[in-house]
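Below, each chain spelled out in residue letters.
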Amino acid sequence: MSETKEKREAKDAAMAEESNIYRPYLMRLEKITDEAPGVKTFRLKFFDEDEGKNFTFKAGQFGEYSVFGEGETTFCIASSPTRTGYIECTFRQMGRVTTALANLEEGSVMGFRGPYGNTFPIDEWRGKNLLFIAGGIALPPMRCLIWNCLDLRDRFNDITILYGATNVANLVYKYELEEWAKRPDVKLVTTVDPGGETPEWKGQIGMVPPVLEKMAPASADTVAIVCGPPIMIKFTFPVLSKLGFTPENVFTTLENRMKCGVGKCGRCNVGKYFVCKDGPVFTFAQLKDLPPEY
Amino acid sequence: MTIEKRTLKKEAVGEFINRLRAGQWQVVAPKKKDKQVTFGEISGAEDICQDYVQTTQSAKGVLFPRVEELFRYQMQENGAQILEREGPPQGTVIFGLRPCDAAAVAPLAAVFTWDYPDAPFKKRLAQTAIVAISCHQADEYCFCTSVGGSPGDTRGSDILLTRLSGGDYLAEIVTEKGKRLVELAADLFTVAPKEEKEKNLARVEKRFDAKKLAEKLPGFFDSPVWIEQSLRCLGCGACAYVCPACVCFDIQDEGNEKRGRRLRCWDSCGFSQFTLHTSGHNPRSVQSQRWRQRLMHKFSYQPDRLDVVGCVGCGRCSRACPVDMNLLEHLIQIAEG
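Protein chains in written order, with the numbering used here: chain A, 332 to 625; chain B, 7 to 343.
Read the hints as simulated data drawn from the structure, not as lab findings. For clarity, every value in this text was computed on a predicted model and none was experimentally measured. It is possible that some hints are incorrect.
[What the hints assert, rightly or not] From the derived model, a few chain B residues whose C-beta atoms are all more than 10 angstroms from chain A:
#1 30
#2 56
#3 86
#4 98
#5 112
#6 186
#7 207
#8 241
#9 258
[What the hints assert, rightly or not] Chain A regions said to be covered by chain B (calculated; three or more residues, Cβ under 8 angstroms):
#10 587–593
#11 613–625
[Claimed, not checked] Label-pair ranges, simulated between beta-carbon atoms:
#12 A:497 with B:212: 19 to 29 angstroms
#13 B:264 with A:426: 16 to 26 angstroms
#14 B:264 with A:497: 35 to 45 angstroms
Beta carbons: idealized from backbone N, C-alpha and C, even for Gly.
Sequences are here, hints too, so could you generate the full structure?
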């Protein structure tokens, strides 16, 4: 048994020696979903069926998505590893590559390489309560994890999702928010910043940290996963701390600028750690020891 | 293997170069170009310039070109094609570089081969042989001895030549690859000389201890020294572009929606846009943070993570700096601080 494993590893290593790690998979843009102003979700399928079948990843990992002629850009994989045959990414049109992506039509060819980075340790979360806290465009990296956990629902205890955006229009995955709201085994709280509500808005009004404080979720046997803009993260952690969460039980995913994704190009490091190799998933206990380079 | 010693007569250098070229090796060596000495392909020993302390650019580009094609793409009616260059690159002998440049292969290889092996680099490395020449002169910018090297250091070389008093060379054959080069001209490599190597080497005083510096640096992260040292830094990136051990790169596309290529290009951690997020947020938004990153990466993070110092003490960064930021002086300040 061990010999076969060794042989396989040797073969994999030999393959890796020869293959060009910068060569992307060719992907077909299967479906485009408009999520919010400037925000789209792409469903991508592998051109080569075998590549698609052999492709595996875990929640938390990311990839380099490219438009040929424009370049590459980095996003987490937004679909769950439990949903096979495709991957999804959600992005806001901001710079050169995301603008080129936004201009693509269904059926277009694009590139993808990955998966890269570490993963959320969901096997260690069996039997625990999960508290997801996301802000704005940071729901996509968490959506992969949420669906992963919902597809393995019986492994976890209570699942709570708190999601906030600046205004109602900017909430992403509105159709899935409705789905989660209807599920009896999920507690969903949505909120928009004061002034961002519409007359029909039935959710909370307020920034994520005060809404979280009002919700006062129990910290016992609970893991919190926080994704959002730096300012939200900064003010959310003190609230979690007050609620009794230890830094070891609070996870987040960092998003520094990257080019290679494989620990070489030299720009995503936070102190001696590379977000692309040692992250993107970090606990707050780890972040406390890192310099503020993210 | 144990190092084998031979003599290479000064008159035989030209013939050795000819034999290498006849053996299908491309030979790259220091050449005079206007007022600069820089590396380029040579057709004979007469092209080689040895009258210099340090070349402006190192020979890094042979292993890690300034701009390198990763692949070409071509759109088709139903899909696209990705084309990679086939076959290994041409075998190249880098001849006549300094031992510090030869030692710089180690930090490059450490970054390119840890974890994910980088095929473009590995292929070039496998096809490259290094014949270095020991330093018989040095200047005030040189500090190889402070970072583990020396003017006669054999690390990184396949063959190291040291010029002796009469002009002949002591040839130290360091690796199997070096041995294969010698086999192309075995008659030229005669019995080892009697003269000592040491007295033919430049003297470079050790100014600080890189190991002790690496231990000290983590405690310096919040020190005001970074601001003080970098106040005059222009963020021009010249230091990175002349560095034989800098690896940081960018990936860019060149072409249009129909055809083109994806390129890897040298980059510099000193540039303000290096870490700029598309949102406008920048984790290293001011020059002092970028200067700290440059030194920390080379003298703390790389020794810690990859067990290699990201500097060989060649002094090029200090010579090239338009505002005279002297790396050696700044390192001594921290080491003694």
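Identify every previously stated hint that the structure contradicts and give their numbers, smallest first. Of the numbered hints, 3, 9, 12 do not hold.
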